[in-house]
Amino acid sequence: MSEVKNGIPSSFLGSLFKIKPTKPGEVYGVPGQGDSLFISAVSGGAIIALWALATWAGWIKPLFLPSPLAIVQKFVQVATEGFANYTLFEHTWISVLRVFGALGLACISAIPVGLAMGMSRVMRGVFDPPIEFYRPVPPLAYLPLMIVWFGIGELSKVLLIFLAIFAPVAIGTRSGVRSAAIEQVHAAYSLGASPWQVLTQVILPAALPEIITATRIGMGVGWTTLVAAEMVAATSGIGFMVLSASQFLQTSTVIMGIFIIAAIAYAFDLLMRFLERKLVPWKGRA
Amino acid sequence: MGNLHVDHVTVKFPVGPHTPPVRALSDVDLEIGPGEFVVALGASGCGKSTLLNLLAGFLSPSQGKVILNGATVAGPGADRAVVFQKHALLPWLNVIDNVAFGLKLRGAGKNERYETARKHLNQLGLGAFETHPVYQLSGGMQQRVGIARALAIDPEILLMDEPLGALDALTREKAQELIIRIWKETSKMVFFITHSVEEALFMGTRLIVMSPRPGRITHTFDLVFSQRFLAGEDARAVKASQDFIKMREKVLKIIFGDEEAAGSDHV
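Protein sequences appear in the order of chains H and A. Anchor point for the first sequence: position 118 equals 118 in my numbering, and the numbering is continuous, going up by one each time. Anchor point for the second sequence: position 214 equals 1214 in my numbering, and the numbering is continuous, going up by one each time.
Treat the hints with care, since some could be wrong.
[Claimed, not checked] Looking from chain A toward chain H, a few residues come up when the C-beta cut is under 10 Å (computed):
(1) V1022
(2) R1023
(3) N1053
(4) Q1085
(5) G1146
(6) P1212
Honestly, the hints are just simulated from the structure, not real lab data. Glycine residues also receive a C-beta, built at the ideal position from the N, C-alpha and C atoms.
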């Protein structure tokens, strides 16, 4: 039944390649234009419905996948009664402090280092080898070193997350230095700017869009490192809760913890996008 | 009232270890007197932009020197403001902060900055746009912001690097008239680069025609057309007059001659 036209079968796949008439406000031929929010809502709803159906019908044992309702019940239970001596809020709070502490440290160190690398041949030569050396190594691989060097307290946990965030922020900032057009730099000099004024009033603002993007990426990396960091003799934290619950086969707690990590990371990303619109409204327009 | 002297300047660019350096400018001697509007015209590669970069201080001469009011130019400075073709405004600042940027660099207070900036915005017909983001303005308005920004620091000379090159034909003619009027009001020295013969003849008090390989000044003409415009004659009437057309053909012949001598390798 699938008829072939111009070498493309007139199936669903074929409809992707069919050119539709342009509606008002759209531009002919732009790939993937249009709003996808409704489709995303249906897609998300369908996954949860399938999940509910699979657990309700008993296709999957609760040990492997508890029902959505069981996750909600677990959430309420941990939120009120707590898990391993801490309430859910306390677990979440300590994890947020670790990740944001590391992010703060990374920003106040990686942004100046990235700027220095972008501005100076010497600084680029100095910082390039160590950053490029450790950047591709998974944090789990140098986790033992962190413990040997910095012990099992908060320091090694925060440092591990810090290191994971540092590299992308430094590299993003460094490439952001090139965002300022040479005309902008020359204009500032011809208006009487000193090299320091060019750095702070032209190069830094021009690099801001890339710095914000780098921070967003760094934040994502930071969250993915959280669970690794809380493997180190932690007694609290969302990552600890997930790891600890998995050892007792409390699958519902594990999934609930994963949802919380995902929700906070997503909320932070929304916040960064909001900040991006407020701080760099000119992005991509000049 | 200033005076700028390019004193027998040669600029060489190194090419490679086994190739002799390219002479981007060869023994260029140019004097710009108080209130003069000098226009540079020539085929691509003739060194117009090199000359402007030299005046701005972005480039150092291999031989000779550039002297402004008796002092040798050693780098960029606020006595020589540059207006670029595009991409030179700061999109994170609104219109008035862009214009006031040079004054802020000097440490001027907010009231003083804005007062001066407003004066120049009004002069360029942008008074109603002071709080607009610059990236929302049209190309012609952005160029006017660039000119206001240069004027706001009260430089000795305005260096204009094809400032109207990216504008559409109608906007361009309006902008030419505006720049001539502003030049008359402020009586600043201007060094202006263009690719348009008509623009060059209409705007300048003196035209220098440059020629490539090595870059040098081959012809100099004194011009009266902007005076006629300022005396009240219509801009189009000036550009359509017999004198103007005769001059235009003469200059075009010189430039096309250069292109042919060079083997017309670029169009």
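* Looking back at the hints listed earlier, which ones does the structure fail to meet? -> 1, 2, 6
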